[in-house]
Amino acid sequence: MYVIMNKINTIKHSQLIIYLPIARHKEDLYLDKFTELGISGELASKLERQGIFSPTPVQKMAIPKILAGKDLMAEAQTGTGKTLAFLLPMFDSFESKHGHVQGLVLTPTRELAMQIASEAKILAEGGDRSIMSIFGGRDIGKQLRKLSGKVDLVVATPGRLIDHMRRGSIDLAHLKFLVLDEADQMLYIGFRDEIEMILKATNKDKQLLCFSATLDSKVKKLAYRHMNSPLELSVEKESVTLEGIRQKVVHSSDRWKQEALFGELDKTKPFMAIIFCRTKRRADKLEEEMAIRGYDCRKLHGGIAQNARTRVMKEFRNLKFQYLIATDVAARGLDITGITHIYNFDIPESPETYIHRIGRTGRMGQDGAAVTFASPRDEERLLDIEKAIKMKIPREEHVHGPNETSSGRGMEKGTKVSGKSIGRSRRQDRQNKAGRKKR
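Take the sequence shown: its letters are residues 254 to 692, numbered as in this note's numbering.
Treat the hints loosely; a few may be bogus.
Here are the computed lysine-lysine pairs in the BS3-like style, where the Cα-Cα straight-line distance is at most 30 Å [as the list claims (entries may be wrong)]: (1) Lys645 - Lys522; (2) Lys533 - Lys403; (3) Lys453 - Lys323; (4) Lys501 - Lys473.
These aren't lab readings, by the way, just hints derived from the structure by calculation.
Using the sequences plus the hints, can you model the full thing?
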């Protein structure tokens, strides 16, 4: 068995250090282009149009092994690029005239199924690949009609997929790939029996790929029972400092969250900011309200056409507007310098996502700021974030009314630079240097 494992468990003494996954295998370190990994130029071009130019460590490690036909167990956290790590080699291996479902991705939640299907549809644009998501809460009649036609890739939750298996509406006997994504979470939720049932209904000559945040004994036991001499890949954790990022939490009910956000924007006046929303619908509503109030903003999510997303990203890089309202999926691969503020309008699903969000600011020795808006029901997630980053984030209560927010203890001090806010001072400096007119 091929094993890549090397864990770092130490904490630097004088700095706040967060660990994010990177590769530490010498044969992977020099592969800086997707085409060098064996991915087709067509797919690489589609990634470049999204602003994704270089593979992440987990992609460097996994893609060549998958293209070589190996079964794989990969330990990788959310937000490391693992979705593209399995989608890209799958797409390049699909046959045009296969006639059956070629790929199946199983996920623990419908939200994750929607995210993966959204990324897959971007890769499929302009080609003949057909993508379908299957999960509860959707009209099963529409699913039945689509399954009666050509479907190359199915992204599904176990429960609804088994409904279709029992109806005889899906044939899993001709798969080229089966992916178990977030395998540890599926076992934790209690999908072991369902996963076993699905695996038994599939052909034995498929490639089985297992991606999990942890490769514990339960995951390995399940995987090895159905895998053929799997490779086990793990991604080492790199230290990333959040020392230069001022963080705070604003407590607000969801009803007054927009008011709390607008108060923060008016107070801090950021130079460039990303505002993260949980869903496309919430991003749409927030953009509409911000536009009405005169904020210079655009939205970025999976429901927007590819050419429009490309245009939005290009305009943001070129400082054509100030606020980018984005979902996590749409913002993946977005690497833009000069972002001064991150606003978590919706608290992220995991500490890893929080770290990836706010890590887009405070780069290259610059100061940055991150504000998270949390309702009472978000307290558990907030505690998980604080545990992961090993610090207590300063908090304040939003006060509905003319004064909007109470005194910004902790944050106000941190976001001042020579008496000016981070956003205002840096915006002026950069505009003067570039000779740009004021927006």
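Need the status of pair Lys533, Lys403: alpha-carbon distance at most 30 Å? Roughly 28 Å separates the two Cα atoms, so the pair holds.
Holds or violated: are the alpha carbons of Lys645 and Lys522 at most 30 Å from each other? It holds: about 25 Å lies between the C-alpha atoms, which stays within 30 Å.
Has the given pair, Lys453 with Lys323, been kept, meaning a C-alpha gap of at most 30 Å? holds (20 Å)
Check the hint pairing Lys501 with Lys473 against an upper bound of 30 Å on the C-alpha distance. violated (39 Å)
Taken one by one, the earlier hints fail for this structure only at number 4.
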